[in-house]
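Student: Just so you know, UniProt numbering puts 47 at position 47 of the sequence shown, and the rest follows in order with no gaps.
Rather than coming from a laboratory, the hints here were simulated on the basis of the structure.
Only true hints are included.
Simulated DEER-style distance windows between Cβ atoms:
id	residue 1	residue 2	range
1	P100	S132	18 to 26 Å
2	D98	S132	13 to 21 Å
3	D46	A124	34 to 42 Å
4	G131	D71	19 to 27 Å
5	D130	A31	16 to 24 Å
6	L18	N115	14 to 22 Å
7	E19	D98	18 to 26 Å
8	D48	E117	18 to 26 Å
Think of the CB as a built atom: it goes at the ideal place given N, C-alpha and C, for glycine as much as any other residue.
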Amino acid sequence: MVDSRGALAHDGRRAERLELRVPTTPTQLPAVRAMAGDLAMRMDYDLDAVEDLRLAVDEACATLASVVSGDRRLTVVFETTRAGLHIDAWVPTVEGTDVPRDGFGWAVLHTLVDNVEAGPATQATVPAGDGSAAAVALISMDKFLPGQHPDQLLGGAGQNVSVAR
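Just need the whole structure built from these sequences, with the hints factored in.
Tutor: Quick look at the structure:
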């Protein structure tokens with residue numbers, strides 16, 4: 001398997017990774033949601049953030065299941081760092097297939113996580129891909145721990161600071 005993200009996480013520290021591969025059947029997708037919730041609880045996210053991550057992963061999996069090519073597996077890679085949780089989810093697709101980014105599901109996904117991106121990619125560019133040029137559809141998400149969002153860090157863009165007088 002090829003790891004296109006490298007050995008270091010966004011914060012310069014080694015990331016811990018967990019990879020899941022499951023069929024895209026409705027009976028198997030809850031396992032991915034459960035794993036997201038378990039990781040979030042172990043990382044000390046509050047209960048609302050844990051539920052947000054579960055719902056976000058569920059929505060991402062359902063979206064990808066709608067574009068998968070044939071009877072292929074969903075791959076989800078979870079990376080935990082001091083800053084939070086990064087999730088890459090992808091499925092093999094027919095070349096030219098894009099991830100649907102319209103409608104209620106996509107709006108919900110944007111609301112539940114701090115950062116989400118989606119689109120076509122290849123097995124060579126996704127984490128845990130086989131290195132080939134085969135087409136995949138990818139959704140990447142970040143959920144930062146409180147105080148770890150880049151915009152909340154000292155000197156970050158968009159920082160909102162109030163000073164008592």
